[in-house]
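Engineer: One-letter residues, chain by chain:
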Amino acid sequence: MLQILIQGLLLSGLYALIAVGFTLIFSVGRVLNLAYGAYLVIGGYVYFYFAQSLGLPKPLVMAMAVVCGCLVGVLKYRLIVKPLKGNHVAVEISTLILAVVIQAGIVLLFKDSPKILHPIVSGVWRVGGATITFNILTAAVSSWLIFGGLYLFVRKTHTGRAMEAVSMDTKGAVISGIRPDRINLITWGYIWRLGCNCRGIFCELYPAFPGYVGCAVNHCGCGGYRGWYRFDLGYLAGGPYYWIHGNYFNLFDRR
Amino acid sequence: MTNPTKKYLLLWAIFIAVMLLLPEFVSKGTLRTIIFANFLAIFAISWDVLSGRTGYISFGHPFLIGIGAYTSAILSYRFDMPIELSIPLAVLTTTIGGTLFFLPALRLKGSYFALVTLAFMELMYQLVQVIRPDLTGGTRGMSGIETITRGAVNNYYLSFALMVTIAISMWLLMRTRFGSALSAIGMNEESVRGSGLSTTKLKLAAFMTSAFIAGLGGAFYVHYLGSIAPRALFDINFLFTIIVSALIGGAATIIGPMFGALFLTILLEALRPILPGVERYLIYGSIALIVYMFKPQGLVVLVLDTLDKLRSIISSRS
Amino acid sequence: MSVLEINQLSAFYGKARALNDISIKLDKGEIMAVIGANGAGKSTLLDSIVGLTRTTGDIRFEGQLLNECSAADIVNSGVGYATERFNLFPYMSVYDNLMVGAYTARDDVEQNLELVYDLFPRLKERETQETGTQSGGERQMVSLGRALMSSPKLLLIDEPTIGLAPKVCLDMAAALRDLNQSTSLTILITEQNVNFAMSLAQNLHVLETGMIRMSGTPEELKANPDLNKAYFGSS
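Protein chains in written order, with the numbering used here: chain A, 1 to 255; chain B, 1 to 318; chain C, 1 to 235.
Hints were generated in silico from the structure; no laboratory data involved.
For glycine and all other residues, C-beta sits at the position ideal for the given N, C-alpha and C.
Per the computed footprint, the stretches of chain C lying under chain A, defined by three or more beta-carbons under 8 Å from a beta-carbon of chain A, are:
hint: 1; segment: 72 to 81
hint: 2; segment: 87 to 100
hint: 3; segment: 103 to 112
Only chain A is shown next, with the shape it has when bound in the complex (with noise of 0.2 Å):
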């Protein structure tokens, strides 16, 4: 019992990361993104790649995953989500597309069997009767400085204001000199950046396994499903819930 606790208090704000990725593109450009599970399932890959195959230095390729997902963040934008410009619609089918056609690439490139992925952080440390490792503390430390990171840029800057203002009232944000399109570009990027990152910690805890793609938008659906502005306690009140719903996959589904 001390053990799902301390882990599920401790992966609570990881989950809840990722909750706040796929909400913040719902929240400002009005979509659901179903491809974000295919964006985590990325940053494991690109981890596991560049680090576990070619064996580069762990913190450059944590830098190379961020990269490479603004990278492809903008160019969905630029080429599906543009041009589908106000048909939600559309857009939200063309993401499910681009989830299988993701999934379906990673199988191509590196077969369906799950990719054990080393803990980045070796080690463990007892509390009582608990084991919790250095790798899953690690998670959640960076996790929340990545969330407290993402607070700051929300409430502190001008583009973060904007994002904000433009998922409140667009209209507001467009007289205020704000161009909706450029913001949905920057999210587009930004949580595909996310995504990445999420999965880059998120790894430690999983293998990478192609399936992912469409279990984690499922992740991100029930928590803190309010629009990421109000930033309230919810998506960590979701934590838990989510920790019990991932030891759930690991316990039942044997796929």
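Chains B and C: place on chain A using the hints.
Structural biologist: Same frame as chain A, but now just chains B and C:
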């Protein structure tokens, strides 16, 4: 009877005749592919009745199909119920059960509706595996379920008859005022409400129709396969195939989903020698994405447009 | 040179024509009011100036043609637009709303903030309150404040008194007059409240179903029997 209706009836007749003669000309393997296409067409029509017409995108159709398939499978496999009884019961369960689940979702708009339906699919996937695995067969599912008929040819005729019956009934239903009202919701829900119709009732009716077809398709499908497993059913690729069939063929039509299902199934089979596994979806998905981006009305319209263009080129030359 | 010059402007929603052949000219430091009933096209006129509708005709701001510019460019070039209070960001604090307004004028933030807080001391008191929970009058002030944060040379205000108590209307008029005199800001307002508009503006236009019916100074319009009949119920 008006002229266009006559023309359509003629086209239906030609189509049915060609499909009936098909087993004489193609191999058993191809026939099995087309059986899958027929079932896919049923699912795509079911999706299209709700989502293609009204614009309320359902990401949860595997959920409905799953209810139908599992109910009939459990009743016949675990309780030795005859198929003649288990299938109608399964259809009834899907219509009622699906409606109860979706009732709250129908009050939601746009993306929220889509998200909730997606959640239903995931929920069903998780629940099937842990709740009474002695009934559902858990993760492994069930196999050795009684089949309705044996052999590719018989199954082909069965699936084809089912599809054509559903397609024609939907075609007739969509020509009524009900059908036009649904399309009107897709264009502008506010104005439909403004003209005094209850959009909630209309959407509910559309949903029940859709669930009915999904349950029917699901139940027959499971008695064709003889087995069922949660991973194959509640899968993003399956969902994707259903939706893309409807869209790539042409949403809000009847011929569209049928054509789309046939096209996608054949494409998938044609790719098998080159790419055996899930990788096929890379090409398949890319084609779907390109068609969808550049011709959102679908392939049927694309083909007709091309024919028109060719005709005008030919006539301008002569 | 006039600050804003509109020539033969027509605006469309789809095929429906919402404005028909409007010509207006504003000089520097002038307050002009466009009065009219609901649906006369007042908001459409202001939306058209910042490029939010499809238009034909010329709109010139300080001699520059605006027709081809995006809304963001127009705001950037010095047109501030205070919409009705519904276009605020409801889950942001008053301060954050104002800061979004400063998006295009990041160097003048402090100076503009001081100006807004001087004009509406109430906003300073309520700095951290979310605008979604504020009263209509307060939101109207935030909307105006947000437009002022972009250092505008021309300020467009859509119905500043809508839903306000008479006492608050007087405050608003005083604030706008103050603003106009201290910074010689050019202001174009739309109004249904004819008394308010006449007490404030040097020139008025009466808009009816997308067309200008009458124009003139407050005195000229007051003397016009048609207007009296329509807006004051007496002749």
